[in-house]
Amino acid sequence: MSHLGERVSALVDGELNHHERDRALSHLAFCASCRAEVEAMRALKSRLRSLDGPAMPADLTMSLLRMADPGDPLPPRERPFPSGSRTFGGAPIPGMHTVAPPDNRPRGRAASTRRARRVGYVAVGVASAAVAIGTLFVVGGPDPGPRVPPVDMFANQHRNTAPYGGSATPSFSPTP
Amino acid sequence: MIRLPACLAVVVAMVLGLVAGSPARAVQQSVQQGERDEDTGLRLLREAAAAARGRGYSGTQYVTTWGRSGSFSSMVEVRNVPGRGLSVSSRPSGTAGWVDPGTPAGSMAAPSETMLEVLARNYRVVDAGRTRTGGRAAHLVDVLRTDGTPAARYWLDESGGLALRRELFDGRGRTVHVGGFLDLTLDPVARGSVVPVPPPGGLDLGEVPELLDRGWRFPAELPGRLELFAAHTAPAGYLYLGYSDGLSVVSVFVDSGVLDGEKLRGWHAQRHDGHTIWMRNSAEQGTIWASGDHVYTVFADAPADTVDAAVAALPHEPAPNLWNRLGRGAHRLLSWVNPFG
Numbered sequence: 001m002s003h004l005g006e007r008v009s010a011l012v013d014g015e016l017n018h019h020e021r022d023r024a025l026s027h028l029a030f031c032a033s034c035r036a037e038v039e040a041m042r043a044l045k046s047r048l049r050s051l052d053g054p055a056m057p058a059d060l061t062m063s064l065l066r067m068a069d070p071g072d073p074l075p076p077r078e079r080p081f082p083s084g085s086r087t088f089g090g091a092p093i094p095g096m097h098t099v100a101p102p103d104n105r106p107r108g109r110a111a112s113t114r115r116a117r118r119v120g121y122v123a124v125g126v127a128s129a130a131v132a133i134g135t136l137f138v139v140g141g142p143d144p145g146p147r148v149p150p151v152d153m154f155a156n157q158h159r160n161t162a163p164y165g166g167s168a169t170p171s172f173s174p175t176p
Numbered sequence: 001m002i003r004l005p006a007c008l009a010v011v012v013a014m015v016l017g018l019v020a021g022s023p024a025r026a027v028q029q030s031v032q033q034g035e036r037d038e039d040t041g042l043r044l045l046r047e048a049a050a051a052a053r054g055r056g057y058s059g060t061q062y063v064t065t066w067g068r069s070g071s072f073s074s075m076v077e078v079r080n081v082p083g084r085g086l087s088v089s090s091r092p093s094g095t096a097g098w099v100d101p102g103t104p105a106g107s108m109a110a111p112s113e114t115m116l117e118v119l120a121r122n123y124r125v126v127d128a129g130r131t132r133t134g135g136r137a138a139h140l141v142d143v144l145r146t147d148g149t150p151a152a153r154y155w156l157d158e159s160g161g162l163a164l165r166r167e168l169f170d171g172r173g174r175t176v177h178v179g180g181f182l183d184l185t186l187d188p189v190a191r192g193s194v195v196p197v198p199p200p201g202g203l204d205l206g207e208v209p210e211l212l213d214r215g216w217r218f219p220a221e222l223p224g225r226l227e228l229f230a231a232h233t234a235p236a237g238y239l240y241l242g243y244s245d246g247l248s249v250v251s252v253f254v255d256s257g258v259l260d261g262e263k264l265r266g267w268h269a270q271r272h273d274g275h276t277i278w279m280r281n282s283a284e285q286g287t288i289w290a291s292g293d294h295v296y297t298v299f300a301d302a303p304a305d306t307v308d309a310a311v312a313a314l315p316h317e318p319a320p321n322l323w324n325r326l327g328r329g330a331h332r333l334l335s336w337v338n339p340f341g
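Protein chains in written order, with this note's numbering: chain A, 1 to 176; chain B, 1 to 341.
Among the hints, a few may not be true.
[Stated by the list, open to error] Derived coverage of chain B by chain A (criterion: at least 3 residues anywhere in the stretch with Cβ under 8 Å from a Cβ of chain A; other residues may be distant): (1) 111-125; (2) 131-141; (3) 284-293.
Think of the hints as simulated: they come from the structure by calculation, not from any bench. All residues carry an ideal CB built from backbone N, CA and C; glycine is no exception.
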């Protein structure tokens with residue numbers, strides 16, 4: 001078996017399968033150089049894990065705080081499709097993170113309910129119009145019946161009216 | 001020697017030219033023109049109206065009216081009693097009654113002052129000189145239209161002031177009405193008697209706002225310078241409208257209902273522009289027609305062409321249908337809910 005080479009890191013990280021791991025350990029029993037290399041790799045990684053994370057400089061923190069200083073806090077971010085509860089034309093609008101596609105399957109029971117509701121609306125409208133027309137018809141009263149004007153009385157009033165005579169009530173008496 | 005007369009002729013011609021074109025002559029022409037434009041006969045008509053109401057008299061009158069379909073004549077015995085009125089007795093029919101001398105039944109002998117003002121506004125009233133009629137001296141007064149054609153002529157008694165004769169003409173100059181005395185007897189004027197002052201008269205339009213609120217619509221004027229002088233409803237429910245130009249009278253009666261033409265006895269139907277109009281051969285030129293759900297009746301003492309124009313200007317709507325009834329119902333509902341109605 002050749003030296004471990006790049007498999008040293010995988011062995012240290014525990015990423016080798018069972019068979020490769022047995023072969024690697026068998027090789028380390030007879031190869032001092034590979035054993036030394038594994039030991040060095042383990043020591044390096046152990047040291048790296050013991051180090052602290054990078055600290056943020058204090059002046060950078062103050063600069064970021066000053067950028068937002070006199071303004072109000074930033075508004076909440078608006079989503080283009082805020083919630084899955086909104087609908088359009090009865091179909092739900094898919095949200096931004098919606099996984100499932102909208103339900104476009106043909107509706108059976110829902111369609112019949114909507115049709116019944118529409119018929120109900122039309123029936124109510126027709127009934128309302130009939131009531132309104134009937135009300136106007138009744139309130140309008142019957143058409144005046146045929147009649148003959150009292151022509152003799154009219155002629156008498158004409159003959160006995162003084163034009164521009166004022167508002168005095170004319171006296172209607174038999175005239176020739 | 002030859003040049004001197006020539007100079008004199010030039011000077012004389014210049015002087016004559018100055019005189020002919022002088023301001024004094026222009027003023028004189030203006031005065032004559034003004035006299036022609038003034039209502040010089042209005043004072044005579046005013047005196048005649050006062051005499052017809054305040055002077056006692058009796059006599060026999062004849063009246064002839066040319067209507068649409070011929071002439072109608074009658075003779076009447078009249079007797080005026082100041083303060084009471086004019087007694088009129090028709091010879092053919094024998095009917096009698098007391099009437100106001102300012103009405104068509106009183107031959108319009110005593111028009112009110114307001115009516116004379118309307119006459120002067122619509123016509124030119126000129127004194128046309130003196131003449132004689134029925135053996136009596138009279139003043140002749142012409143009533144002229146703006147185009148100069150005569151609309152009426154009066155013969156006014158010089159001694160009593162009464163109108164002895166009255167003629168009316170239509171727009172084409174044809175005589176449409178003649179009324180005058182065959183004989184006249186004036187009562188003696190008693191000493192100390194007070195002549196009644198003729199009433200000034202006026203309009204009878206106080207009910208118009210209420211009529212408009214109740215939905216009545218009617219024109220304020222009709223063709224022929226006929227102006228609305230009276231508009232009111234009668235207890236029987238019909239609307240009366242009176243129109244006059246100061247000379248003629250047109251009465252319009254508007255009644256609710258649908259006209260039953262088959263029951264109109266003595267009236268004949270004529271078609272005018274798709275509408276049926278019933279007419280009666282009489283001096284008053286009676287006319288009846290239906291418009292919507294109303295019946296219009298017109299009687300007039302006016303030339304036939306004036307009556308026809310007035311009838312044509314009044315409403316001629318088709319018979320009511322279902323939509324009219326629905327519209328009437330809507331109007332009533334709105335009037336009930338209108339807080340300002």
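A quick look at each hint next to the structure:
Against chain A, the stretch 111-125 of chain B contributes 5 residues with a C-beta closer than 8 Å to a partner C-beta. That satisfies the three-residue criterion, and the hint holds. Judged by the Cβ-Cβ criterion of 8 Å, the stretch 131-141 of chain B is not covered by chain A as claimed, because only 0 of its residues qualify and three are needed. Check result for the stretch 284-293 of chain B against chain A: holds, 4 residues qualifying (beta carbon to beta carbon below 8 Å, three or more required).
Violation of the numbered hints given earlier is confined to hint 2; every other hint is satisfied by the structure.
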